[in-house]
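Peer 1: Model the full assembly from the supplied sequences, consistent with the hints where possible.
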Amino acid sequence: MNTSAVIMMIIGCTGLWGGFAVACFISHRHSKKQRSDNVK
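Here our numbering is used: the first residue of the sequence shown is 124, the next is one more, and so on.
Treat the hints loosely; a few may be bogus.
What the hints assert, rightly or not - Distance ranges between label pairs, derived from CB positions: (1) MET124 - LYS156: 24 to 34 angstroms; (2) LYS156 - ASN125: 40 to 50 angstroms; (3) LYS155 - ASN125: 44 to 54 angstroms.
Hints were generated in silico from the structure; no laboratory data involved.
By construction, the Cβ of each residue, glycine as well, lies at the ideal position given by its N, Cα and C atoms.
Peer 2: Written out as structure tokens, the structure reads:
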């Protein structure tokens, strides 16, 4: 395996998991906000 292939693989995995983490964070924050609005 050459270096560029390894770098591309690392960037791809990081982008995939980074996007997944951001989506989870946004949905969690959104549901939290809705819940506090319902309490009021």
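Peer 1: Indicate, hint by hint, whether the structure satisfies it.
Peer 2: Here's how the hints hold up against the structure:
no., hint, verdict
1, MET124 - LYS156: 24 to 34 angstroms, "violated (45 angstroms)"
2, LYS156 - ASN125: 40 to 50 angstroms, "holds (47 angstroms)"
3, LYS155 - ASN125: 44 to 54 angstroms, "holds (45 angstroms)"
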